[in-house]
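Adding 207 to a residue's 1-based position in the sequence shown gives its number in the numbering used here.
One thing to keep in mind: the hints can contain errors.
As the list claims (entries may be wrong) - Restraint ranges, calculated between C-beta atoms of paired labels, are given here: (1) Ala-286 x Glu-317: 28 to 34 Å; (2) Glu-223 x Thr-306: 16 to 22 Å; (3) Glu-253 x Asn-228: 25 to 31 Å.
The set of hints was computed from the structure by calculation and includes no laboratory data. Source: prediction; values computed, not measured. C-beta atoms are modelled at their ideal positions from N, C-alpha and C, and glycine is treated no differently.
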Amino acid sequence: MHEIGIVRQVLRTVEEFAKENDITEVSEIVLDVGEVSQVIPEYLTEIYPYVAEETEMFKDTVLTINMIPGMAECDDCDAIYNLVECEGICPDCGSQSKTVYSGKDCSIREIHVPE
Numbered sequence: 208m209h210e211i212g213i214v215r216q217v218l219r220t221v222e223e224f225a226k227e228n229d230i231t232e233v234s235e236i237v238l239d240v241g242e243v244s245q246v247i248p249e250y251l252t253e254i255y256p257y258v259a260e261e262t263e264m265f266k267d268t269v270l271t272i273n274m275i276p277g278m279a280e281c282d283d284c285d286a287i288y289n290l291v292e293c294e295g296i297c298p299d300c301g302s303q304s305k306t307v308y309s310g311k312d313c314s315i316r317e318i319h320v321p322e
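Using the sequences provided together with the hints, build the complete structure.
Now the structure itself:
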């Protein structure tokens, strides 16, 4: 389960950002997780509270995950399609040759602080 490493890295990144910007409290972290990123959102959600409680700043934070669709363009016919829905095969011409445009990454979208 590499998700624990991802959560730890996210929290380190947010903590560094917070220190650089004199932020002492974080209420929510929003992540974008790609549909074909090999990151399992449910695992992130399950492990997050245990890792977050290790650092005072994150004890009461909420993790929100936005799923980003895995979209590709067929290299043979230029059709745009969802990789998961079409199982990686172009629905127009049946080609498996493609360029993936979105859904491969896992990144921090937003950091919310209490008002």
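Structure-based check of each hint:
no.	hint	verdict
1	Ala-286 x Glu-317: 28 to 34 Å	32 Å, holds
2	Glu-223 x Thr-306: 16 to 22 Å	33 Å, violated
3	Glu-253 x Asn-228: 25 to 31 Å	29 Å, holds
Checked against the numbered hints above, the structure breaks only hint 2 and satisfies the rest.
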